[in-house]
Every structure is written in C-alpha cells, then in structure tokens.
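One-letter residues, chain by chain:
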Amino acid sequence: MKYAIQVNASPNDSNSGYCAYQFIKAALAKEHEIFRVFFYQEGIYHAFKYSTPPEDELQMTKKWTELAKQKGIDLVVCISAAQRRGLLSDDEAQRQGKNDRDLAEGFRISGLGQLLEATLLADRFIEFG
Amino acid sequence: MTKKFLFIMREAPHQGIQLQEKLDVILTAAAFDQKVALLFLDDGVFQLKKGQQPEKQGLKDTASIFNALEIYDVHDLYMEVESLQERGLKPSDLSLTVQEFYRKDVNELMRGYDIIF
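As you go down the protein sequences, you meet chains A and B in turn.
Number 102 in the working numbering belongs to position 102 of the first sequence; there are no gaps in the numbering.
Number 105 in the working numbering belongs to position 105 of the second sequence; there are no gaps in the numbering.
Hints in this document: simulated from the structure, not taken from any laboratory.
Take these hints with a grain of salt, some might be off.
Okay, derived cross-link-like pairs now, DSS-like style, lysine-lysine, Cα gap no bigger than 25 Å in a straight line [claimed, not checked]:
no.	chain 1	residue 1	chain 2	residue 2
1	A	K62	A	K49
2	B	K90	A	K2
3	A	K69	A	K25
4	B	K50	A	K2
5	B	K104	A	K2
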C-alpha cells in the first residue's frame, strides 16, 4: 500500500513525529511504499540542521536524514510554515537578504501543493500530531 | 483525480496560528478542485462566531476567510449541535449558515469522506 504522511508537531513538544518515524520504518519493513512525508505547522522543527539535542536523547533530525539517505524517502517541509518559523531554504534566504542554510540534509522545501498531491496519489493518508 | 476531503475544525480561533495554517490547506484543496467540507466541533464552533473584532488585538480576521470559501465552491459546512449548545450558542450567532449534525451522527458523516484532516 502507498502511504502519505503528515507530521504537525515539533520533536520537543510531542512524540507524534517519532511515532510517524516508527510507523514508516514498520511500513517499509512490510514492503509498503511511503510516497511522501510532509512536515507542516510545528512539524517543520524536525528539519533544522543545527538542532543539537544532548547525545543521550532522541536525534530526530538525524534519524530523518538517515532515513532519506537509506530509503530515498521524500521529506518535504512546507515553505509557508517554515518561513513563519525562520527556516529558509538557500534561495529563499538569499531573496530575503538573509544568510541561512538551516535545512537539514535529506529534506526539501516546497508548497502545500505537494501535500495535496500526496493525499491524492497515496492509498492512505495519515496525519501525526 | 478528485477525492472528498473533510476538515475537522476543533480549536478556538486566535489561540495561535493553527487556524490560519488549516485554512491554507483548505484553500489549497479547494484550489485543486477537490470536494471540500468542514466539520466544526468543540471550541471550533467559535471560529464562525459573529461579531469578532480580532484586528483590535492585532490579530488576523480569520472569520472573513470563511466567507470567501463560497468563491472556492466550498458549501458544505457542518456543525455539531451539542458543541454549539454546550457553549451557549445558537445557529443565529454564527456568521455563516451551517448544516447541523448531532454527535451520534458524526461518525457516519466522517465515513463518507476519503481524506480527513
């Protein structure tokens, strides 16, 4: 089955992002397809490259980056949600006269159209948090 | 491709930007020519309360965005009767006309949709 996933909560306020991650791992292990993971609202905090939790705590951003690398999962961060919270892509930062390269590896920034496309093309859509 | 989308509106307005961000998804779905409906539950019923003046507090007038939904062909606005009553509100306190549903019928309503936000 083909799944589209949305993550709405930050890694620090909720474990729903981690639940999404565990669901994805389990789904992939059963040979399901993850069409896209869309990070919206506070969920965009999963994509900050320089988030540096203490070593004995959950490293969510690193986990996503590894997942994208190993399994080729499409991790999309909503551009308007990201901009509201100060996470800019390279070109957007440049356009706004800011100097940010904060997006973690394995993520890309795009619009809500990507979320809609994912809900339409997947068999199931699951929203976490 | 067309799917039926149901958006569950259950937070009070002006508590943060959750409502604005949800409205963005609603307008995007509508702009994609999807079949879109909204269900107001719990404190979400306040989103349509008449006579809000959020600009006075420097907040966004989200209620006026709901008025624009008609332009996007979004006509199905459902409201849970009990949520409205528990908050001392009547349909005439709302800025838009809604279809009322009793709590016992909400499950059945949801079953009619492909995607629930």
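Evaluation of the provided hints:
1. A:K62 / A:K49: 8 Å, holds
2. B:K90 / A:K2: It is violated: about 43 Å lies between the C-alpha atoms, which goes past 25 Å.
3. A:K69 / A:K25: Holds - the C-alpha atoms of K25 (chain A) and K69 (chain A) are around 13 Å apart, at most 25 Å.
4. B:K50 / A:K2: 42 Å, violated
5. B:K104 / A:K2: Answer violated: K104 (chain B) to K2 (chain A) is near 32 Å, above 25 Å.
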